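Asks: Sequence:
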Amino acid sequence: DEFLRPVLDGLREGGWLENTTVFLVSDHGENLYEKAGTYGKSHVYHTSSEVPFVLHVPGEDRGSKRPELTSLVDVAATLLAAAGVSVPGELSGRDLLSGPARGPDEWIFLQGWDVANSDSARAVLFGDGRKWIRDGSGQDELYDLPSDPRERRNLLPSSEVRGQGYGPRFESIIETLEQNPSQPLDPTELPESVARRLRALGYVK
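Using the working numbering, you'd call the opening residue of the sequence shown number 1 and step up by one each time.
Keep in mind that the hints were calculated from the coordinates and are not lab data. A few of these clues could be false.
To be verified - Just the calculated beta-carbon pair ranges, DEER-fashion:
{"#": "1", "residue 1": "R153", "residue 2": "R12", "range": "43 to 51 Å"}
{"#": "2", "residue 1": "E106", "residue 2": "L156", "range": "17 to 25 Å"}
{"#": "3", "residue 1": "N19", "residue 2": "Q164", "range": "44 to 52 Å"}
{"#": "4", "residue 1": "R62", "residue 2": "R196", "range": "39 to 47 Å"}
{"#": "5", "residue 1": "R153", "residue 2": "G89", "range": "36 to 44 Å"}
Predicted model only: the values in this text are computed from it and were never measured. Ideal Cβ positions, reconstructed from N, Cα and C, are used throughout, including at glycine.
Please model the entire structure based on the sequences and the hints provided.
Replies: Written out as structure tokens, the structure is:
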């Protein structure tokens, strides 16, 4: 509130607040030994992966909470749509204000670093609120976030849960991602003005 209030007050005093969509997001948090017995910012558990995502929408007087899956990849699509700009089809995010919500069959992928096992940890958050995690040692965990948002009750091993297909879906998603890895843009593919700014920041050579 201390940092956001001056921004909103300035928009209000200038007469711009009701013509401005305001996004409140943040960097990820830190795991303070709550999970995995380690400290770190790179876990796939909720302590390191959940961030605030709040919108002020012009014309909305009362707040509301959306239950569906949301990701920071949705910021660009939502911002473009709010500005009246058509959202490119290749953009992976979606417009949260008027676009269709993610359904129960959709998912969001997370990847982090498992410090204790010195290897990558991966997770898939499914549209129904279940979250499958594979740590750096290859051990699996499954949580039901609507009833257990702090990820305290691992539902595995459970033949009933495994029979619901979460494991095979996780495997299929990982296989698809490994077959189609994302490739970073080469600096030569960027507009020179963008590449120049990135070089000044030390991000590219």
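Asks: Hints first: check each against the structure and report whether it holds.
Replies: The hints, checked one at a time:
no., hint, verdict
1, R153 x R12: 43 to 51 Å, "44 Å, holds"
2, E106 x L156: 17 to 25 Å, "22 Å, holds"
3, N19 x Q164: 44 to 52 Å, "47 Å, holds"
4, R62 x R196: 39 to 47 Å, "45 Å, holds"
5, R153 x G89: 36 to 44 Å, "40 Å, holds"
Comparing the model with each earlier hint shows no violations; every hint is respected.
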